[in-house]
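Q: So you can see what is in the structure, the chains are spelled out below.
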Amino acid sequence: MIHAYQLVVLIPYAAALIFVAVPGYRVGAAANVVVSAATFAAGLWLVVGERSVGDYAIVDEFNIVFIAINTLVGFTTALFSASYIGHEIETGRLSPSFVRFYHAMFQAMMGSMNVALIANNIGVMWVGLELATLITVVMVGLYRTPQAIEAAWKYFILASVGISLAFFGTILIYLAGQPALGEGVPAMTWSLLQAAAARMDPAILDLAFIFLLIGYGTKVGLAPLHAWLPDAHAEGPTPISAVLSGLLLNVALYALLRFKMLVAGQPAALDPGPVMVVMGLVSLIFAAFMLYQRRDIKRLFAYSSIEHMGLIVFAFGMGGPLANFAGLLHMAMHSLTKSGIFFAVGHIAQAKGTQRIAEIRGLSVTHPRLAVVFALAVLAICGLPPFGVFTSEFLILTTTFAREPWLALLPAFGLLIGFGALLMRLQDTMFGEPVGPAHHVNASSVPMMLHLLLVLAAGIFLPPVLVAWFQRAAELLG
Amino acid sequence: MSQAYEISHLLAGVMLVTSFALLYQERVAAVLNAFAAQSITLALAVAWAAWSDNRPDLFITALIALTLKGIVIPVALHRTVARLGIHREVEKVVGVGAALMVGLALTGLAQALVLKVATGMASHAREDLALALAIILLGFLMMIVRRNAVTQVVGFMSMENGLILAATGARGMPLVVEVSVAFSVLISLFVFAVFVFRIRERFDTVDLEALDRMRGDGR
Amino acid sequence: MTRDLVVQFLAQGAQMAFVLLIAPLAVGVVRRVKARLMRRQGPPLLQAYLDLAKLLRKESVIAESASWLFRSAPYLIFALTWVAAALVPSFASGLMFNWAADVVALVALLGAARALLALAGMDVGTSFGGIGSSREMMIATLAEPAMMLIVLTLAIAAGTTRLAGVADFFIAEPFGVRVSLALSLISLVIVALAENARIPVDNPATHLELTMVHEAMVVEYSGRHLALIEAASHLKLVLYLSLLICLFAPFGMAPATAGLSGWAIGLAAWIAKLLAGAVLLGVWEVSIAKMRVFRLPDFVGVAFVFGFIAILLAFLTRGVFA
Amino acid sequence: MRRPALAFVYPLSALAAVVLGVVDLQVLLSGGEAAIHLPIGLPTIGFHLRQDTLSAFFGVVINGGVVAASLYGMGFDRAKELTPRVEPLFPLFAAAMNLVLIADDAYAFLFSWELMSLASWALVVARHTDPECRRAAHLYLVMAAIGTVALLFAFGGLAGPAGGYAFDTVRAHPPQPMVAALVLMAALVGCGSKGGLIPLHAWLPLAHPAAPSHVSALMSGVMTKVAIYGFVRIAFDLLGPPDWWWALPPIVLGAMTAVLGLLYAVLDRDLKRVLAYSTIENVGLIFVALGLALAFRANAQHAAAAVAMAAALLHVLNHSWFKSLLFLGAGAILHATGRRDLDGLGGLIHRMPRTAAFFLVGALAISALPPLNGFVSEWLLFQAVIAAPALPQAALHFASPAIGAMLALAAALAAACFVRVYGTAFLGRPRSAEAAGAHDVPLVQQAAMGGLAFLCILGGLMGSVLATALAPVLDKLVGGALPGPGSGPTPFSLIAFDPARSIYDAPVIALFVAIASLTSLIVVHRLSARRTRRGPAWDCGFPDPSPATQYTASSFAQPLRRVYGAAAFAAQETVVMPPPGDIRPARFSVVVVDHLWRAFYVAPGRMVIGLSERLNVLQFLTIRRYLVLMFVTLVILLSIAAVTT
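Residue numbers (my numbering), protein chains in the order written: chain A, 40 to 517; chain B, 64 to 282; chain C, 525 to 846; chain D, 3 to 647.
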């Protein structure tokens, strides 16, 4: 009997193999959308279906949150990339030969991410995550412009070092689990490891967590390790930036949180909370300051992603049911809003023919509908009501102030600095006399509107089912 | 049986020495030879572990380590250095003395960290792990203290050797072979990229008409 | 009960009539004293009445750019000042009207009159009006804080801000020399000089553009409007004099319940004290020269400082502190 | 192409505001309460809405302002004005303000609070082609965000770690003293920044004038009241019994804001910016009153606390009326002449008689002159200050004379400021062609201003009636009440403590002034010759006195600048005389330094940009250096792990 989790992995991989053979772009794009829709449906079935723990696959409250977000954003990104890449080919920025394996790689990436999320085995998760990373390295270099290749090269080297450190962390976790669970696969299985956490050696767990934090932290884009993220977002095609910001960062965060749960299971080990709080704050405040100097609109939102991932890691670092719930909610809201913003940015870059903020002026005059959606999305990411990001930031800041009044000043400071910069850039692009070309763009507004509506709905009314589900996931996080 | 651990411990020690040798070299060719030596020692260690713990699959890893990293890649890099005219001596960010001092500190740090492990692991496994960790840190150090591309690739590969050593030390860990294969693919991608993009001097620029000018987010 | 109400009403009417009638006389006395001290014959005491009568008969010339505000302001300013004067107890405290407002409202009424006068000055659209209004408002910003401190001192001492209440308190209180009240007396004198545009602050007799403040605002008025403005300024002088008398020299003033005889004595005492005050003002104006406009902050600042010290002393002596 | 669909926006919002106002009035007078709990909003807590007397009172204030602004909006010539960008947001802005009042849990409060800021930001940036508007809008929303973060902390402190955000759970267990102090400071920053307290005021004179006039009337007259409502709700309702020293920050900040706000107003030449600065002054006065109420309540002097709170609430009501009137007047002037600088106006009283009359009422009311409504709340405030020396604590005790002096100075400066505004704008001769060619605004806009003027006069005369109407709110907030109308000699006399102590009977005073002026009119007309003649004004005998000889706004402010400017703004006047024999004109220049703007806005801004420039280097490093960063992070974490046992 086919289980939902098998479908979620098999559909994308099978599609990837098929798409290698599909030459035409048109057919590929349509098929890509259908396959992504199927994966999304499988994802929903998984969420609704019963929880199960197998040897190699696990389905529990925690990881279905990620699968739901991944499959949804994957589907909307496929929709967006159909029109975006089509437009890029028409304008000649991408030749059909470059795009030959685009859809195959897209589905392979989605498949590997789902593998990483479903895997009950820390080794398989590592393989899934690294495969997805390496595929995005290739996709970042899709445009074959010098900057794109340079960005891909930087991403490749930093990712490789991150991969090896993460692998060493995985070995250490295996060594820690070995005395309690014996040799072989059991010592690498999440459920067993989690159960045996109390019996593991605290020193190895600390060492392992550090290596995993650096290895997977590079993928999450935390501050000192973030260098690859801005260039990868800016130079890669926009659907990939949306996937990077919306999905890949979350999957890496998922891995980090799994190990945090593991380490938290051993009270004698170093408490991972403070380390995550510090790295979260560093990322938040560093990225907020970097927003002011950005000249490229996609790099601007890449740094905004670093800022928000910093806030999410800060929230999970604080721990406690309310903060964890807020962290999960913020992560969901961030991936929806940020990918929505990248959809809008993609169309804006196509409409104005440039990504330099200085040359994008008076959007509200030239493209009113696109401008309104873009403005609402940016105001949402800035944490203004009535959108969901406001709810999560409200919870994070109030709970932090309630527990540590003086600590709460730091995330608030970072958010305010970031808000100042984003608002300044939003006003630069939206208002004033229009400058430069204003090509007509048949913007596929469905993905953007869908994301915005979901975030708006979350801001106003969180269905109790969703709330209960997030709260159970928050308890798991400890 | 303890005699088996003695030998694996010895081989791991030799690998650590070769890591220090990497930092010591002045000329690129010498760096490559030191790396070849390290890879061969790794191959021996893995083979010994395979033989002593009768885990036949490890022989594949040993074979890969020996052929690919022991012979093929060093020779290829030798020829690249010769053909592309990469200048001979190693461009150093930090002097040899300082690099060795930092290396020693890192080894000390690795020892301190691993020795804190009280229960759970047999003593010999702890030493192997300490040595592996030291080799990884030294490989990482090699990547950041030398400027030219070839030495940085070597640094990455020596870090990867440390990983494989640690993986074999973890008795009964699945996936070791698959991961070593994946890593070797990764490394060949590295070397291949060095060939294709003809990275001569800086590791940082993909040397297509000196890309430095066209940084994405220009000042 | 109604007979008592009628008497009260008549007393209040009499008080307002007396104030209005005696005002020009007070100004006449001041001018006469100044002239005699300068060894000049000086105008007759009733000169002010004659001036007002003359102005009423003369034709009123109005500037082309003046609006309805310019023409209606004199009536409003006269009315406001007259009502304010009626509030201050003169020969008897506790008259009917005194229950309508306290000293804060009195100061505000004078403020309203001043604002209307400044606006009327601006309405004409010449530089004189501008000079007068801007300086008048600047002087007001200096005088009002000092006035507030005086009110605060009295409120601490007498426990009420109603003028009749304060007067009753000082009548009943044995007249001990209290330093805080002495200081607030000096402060009130300085504020009165500033408000009435007397010598150190402004020269009532001058028409020199650079120095005049009050005169500059009314330079465009003529005929019956000027008469009303003049009457209002005389009333204001009498108001401040009777304020000084009521607060600091209330002896002889009839308490609220006194009969006709009490009121007669009160009236006589009040007129005597008023004229004495006028004489003192004349002597003061001869003995000091007009200050430059931007020396005024220091002069009126003295009133503010004395007011503040008065309050601090009031805190000590009244033991409110405990 | 004007979408007709939006044409109904203003009438509908006026109607809605009237209905809401009536409901609020009914709840205020009956003292009733209505609460609803909606399942939306925060997951476990939901969206609580409650209408109690306090929110009812503020509801009356806000909906009054909305009615006036909507009436004024109807008068707009829809072809010329920026309707598509303003009209959809206007009702959202009004609705958000009403929602803030009835919010009964932290999330609902901040949700509608931030929505209000967002809507007003969009309205300010409606004229987006003007870079000034954009800069003002940016500063405005950033300051609003700072305020919201402060309020987040306040509600975080109140809710506690368990996350009890509903107001009634908060009331159930008030926070400990230390946390309560932090909450009060956060509330003061949050609500103060929205109201315009020093030093968080600088955005207000930039943002309010940038919005369309009826929106700036709403922002100044009404939105600042929502900020005050926020502070009152937190300080008096949620925080439980106050400490005495809670009163110090609001009083000190309020007094400084009042004086400095007016000094800015007196020196500014832009009409709408002058009105915005005077909004700051009035907010300062209200915060002084609230501070005094806190002090009296802390010392259980309920009668005095009732006087102070009545002063605050009445001033909220009065200010929303006369400030909206003045801003609508300024809008009328802008509409008629297209100019906002006072030095370009003049003589409008002849060309816009009705607007001039209503503006005069507004100007006299804001200068707190009897018999208008501004004086009623000012009188109550002075009575509260006069009662302040009875406070036992030394700090408050000695502060009362200083505060009294500063309030009196503020009252005098307000009178000077609005005599200057009215004098230069409406009186004298027109100083520019636009002023000469001005014509009055459409009837419906005059009706809006007329209604507000009538309210100002009515509020002045019926002060005591309004004070007694506040009784339920006062009792809820400070437990005291003003003495009822019966205790005074006449039914309309306003009494602070008891009739013997202090009394102000507006109708009697107004009646006597009217009688006096009528008698003087009749007597003068009977006695005097009624001949009047029009003649040229005397201007020192110049042949053709050009309008330039008149006093302009800046020359009117010269004495005040010379007296107060040196201390507050380091104002210097420099006159450059040409060398003898040189016919070039002398140069006169004034340098006014705004310390607050430089210290609290320019310095931090430059610091942030400077820091971001230094950090920007990290974007352009080589890959090796990024690896160094990663390596250093790894080594640091490893050494921490090695060191800690």
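Treat the hints as calculated values from the structure; they're not laboratory data. Honestly, I wouldn't trust all of these hints.
Between beta-carbon pairs, the in silico distance windows are [claimed, not checked]:
no., chain 1, residue 1, chain 2, residue 2, range
1, D, 502, C, 562, 42 to 52 Å
2, D, 533, C, 571, 22 to 32 Å
3, C, 562, D, 493, 25 to 35 Å
4, A, 317, D, 615, 23 to 33 Å
No residue lacks a Cβ here, since even glycine has one placed at the ideal position from N, Cα and C.
Q: Each hint should be assessed against the structure and marked as holding or not.
A: For each hint, the structure was consulted:
Our hint of 42 to 52 Å for residue 502/D and residue 562/C holds, since their Cβ atoms are close to 48 Å apart. At roughly 25 Å, the beta-carbon separation of residue 533/D and residue 571/C lies within the given 22 to 32 Å, and the hint holds. Checked against the given bound of 25 to 35 Å, the beta carbons of residue 562/C and residue 493/D, roughly 56 Å apart, lie outside it. Judged by the Cβ atoms, the range 23 to 33 Å given for residue 317/A and residue 615/D holds: they are separated by roughly 25 Å.
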